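Chain R is already provided as a structure; the job is to place chain W on it using the hints.
Chain by chain, the residues:
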Amino acid sequence: MKKPVLAFVLALTVGGIMIAVSGYNPFWVYYQVFALAFSSPKNVASVLAQATPLMFSGIGYAIAAKCGLVNLGLEGQMLSGAMTSALLGVYLRGLPLIIHLPICILGGAAAGGLVGGLTAYLKNRFGAREIITTVMLNEIIALLVTYMCNDPFRAKDSIWGMTEEIAVTARIGKLMKNTQLTYAIFLAVILGIVLEIVLKKSTLGYKMQVIGQNLRAAQTAGIQVNRVFLVSFALSGAMAGLCGAVMILGVNYKFIDGFSDSYGWSGISVAALAAYDPLMSVASAGLFGVLKAGSMILNRMSSVPKEFVSVIQAFVVVFVAAPRMVDSIISLNWLRKCFRRSVRAAGRGGKT
Amino acid sequence: MTVLLIAATLRMAVPYVLATTGGAFSVRVGITDLGCEGMMIGGAFFAVIGSYYSGSPWVGMLCGILAGVLFALLNGLLHITFKVNPAISGVCVNLLSTALAPLLLKLVFDNESMSPIVNNFGNYSDSWLAELPIVGEILKTQNVMFFIMLAVVLVAWVFMFKTKYGLRMRMVGENPAAASTVGLNTTGYKYMGEAVCGALAGLGGVYLSLGQLNMFTEGMTAGRGYICMVINVISGYNPLRTILGGVFFAFFEALRTVIQNAEINANFLMMIPYIMTLLVIILSARRSLPPAGMGKHHDD
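Just so you know, the sequences run in chain order R and W.
First residue of the first sequence? That's 1 in our numbering, and the numbers climb one at a time after it.
First residue of the second sequence? That's 1 in our numbering, and the numbers climb one at a time after it.
Calculated directly from the structure, the hints in this document are not laboratory data.
This structure is a prediction, so every number in the text was calculated from the model and none was measured.
Backbone N, C-alpha and C fix where the C-beta goes; we use that ideal spot for every residue, glycine too.
You can take every hint at face value.
These stretches of chain R come out as covered by chain W in the derived footprint (C-beta under 8 Å, 3 or more residues):
1. 133–140
2. 144–156
3. 311–322
Label pairs and their in silico Cβ distance ranges:
4. Pro152(R) with Ile117(W): 36 to 42 Å
5. Tyr206(R) with Ile117(W): 56 to 62 Å
6. Val258(W) with Lys201(R): 57 to 63 Å
7. Asn85(W) with Ser158(R): 42 to 48 Å
8. Leu132(W) with Cys338(R): 53 to 59 Å
9. Ile193(R) with Asn111(W): 42 to 48 Å
10. Asn111(W) with Cys338(R): 38 to 44 Å
11. Asn185(W) with Ile17(R): 30 to 36 Å
12. Leu5(W) with Lys42(R): 53 to 59 Å
13. Ser113(W) with Trp334(R): 36 to 42 Å
14. Gly183(W) with Arg125(R): 38 to 44 Å
Chain R extracted, bound-state conformation (with noise of 0.2 Å):
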């Protein structure tokens, strides 16, 4: 757990040169966004409901990259979640919640796993790889679902193109009133764990992490390699269609055209923190949740522009996938070479 840490307050630290470079205290401005963050119960509120779409969509990923796939769909994966519970909640009428919003996060799941299973599908029978039909799926779903929310979905009397509202039966209920936070969160920590118990005691679990650390083994020791990249690639898909899901049924209502805030691409990111472990992938959610909920007060209230998390977050996971880099940081090695070699340069009288 010290690895993430430390590729965290690098990350911290490279923005915080940035920030001085543009102007700004970056003390300051990192005490006023975690202060800001925690300074009222609303906002508060607004942290947790930043990390929820992170949480499925880092959950997702995690799931994926447990068994050495690289799941670069969930974006495309995300939409097609959104857009399925959004038709669900628009044109299924005269159900009661109880039925109509579980059919809603339930559709959206299975569109996203579906497209997640196509792409293990696709791996498994023909040999494409993932990354490749990942990005190409990503495109597609945005196109198609741009041209429904445009066309036959588009609701009446609308100029940007979105579909109507979803029906009263389908909306997650707020945990707090004038919030974006839901109940959704709970789902999204539930899964979390359920996900661990899996990976860690279960057969299944156990199959992809051997498949994740080593391909040939797997192979040899007959474990069916196919079927668990399916599985946990439909998995994946799933979280990443919930990811979409929660954030129509609970935030937008509706499906607007672009809403998406890459929380499909966001979810590298929060996996790649919590090293690819479900329930701690909910904890780096909550971190990011704080970076983005507070880093946007910070920006109504000052001019530091709350794009720099963005840009902290890539470089959590520069620093998270560089394990080895970050030791050559912190070692200081090649801090001791320049030495040494300027030592040397100086020692023959300065020629080189």
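Relative to the frame of chain R, chain W by itself:
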């Protein structure tokens, strides 16, 4: 109409072809070209910065290329030196550059989504090229970067397949351990391939901001870097064939702009190349393989 379509197709093919050729260099030394998207964004943004402060699009181009190379070197540092999974290192580059561009936009130009208008590469509508029979109509809407693209592709192909350095580069990609055994500097070749990738992807980005437009807008690459990765797969990592792949995607993009009154929905139209390519990739996945040494190092 046809002439318009051909001209638009060729215009839109330029960034694809440039970045895909760059991607081919990256793949040929054994590194996934996932970071092209980020390098393109970097190229597009810093080209505008260069042109803004100097007033010359050529300085802008230089800045764009340098930015692309810097992002590529980050990718190289992560993957080659620190042995990060190439997919993750590519994602790092993309995340960083998609995050940096809006931030710098805000800091430098104090604008949320676009830069001010800067000097760009003018087209040939006033030059003698426009007077040429037949091709004049097509050439007059192009700019100098169209010819740069042709030169780049040709040079890249000759280097890759007709020189000993190209052969060695491909050997590093196929089998880094063997290449290292015969005394090649695999790390050097990998960094070189990555740097060329960054330069060309950056150049593709430059075309977007200074060739097609005269400013940077957020999200202007619109996933073109990812498409380049895909074009590379269907064109077999061969610079000459990237022209075909680039033109294929550019054609549908051009069709969308030419057909304004939509009898077919534009979004549907844009889906066609993706679906067709996806089919091609699925059906040829076992045949059109990347170099065997993909993601390997000489010492692992």
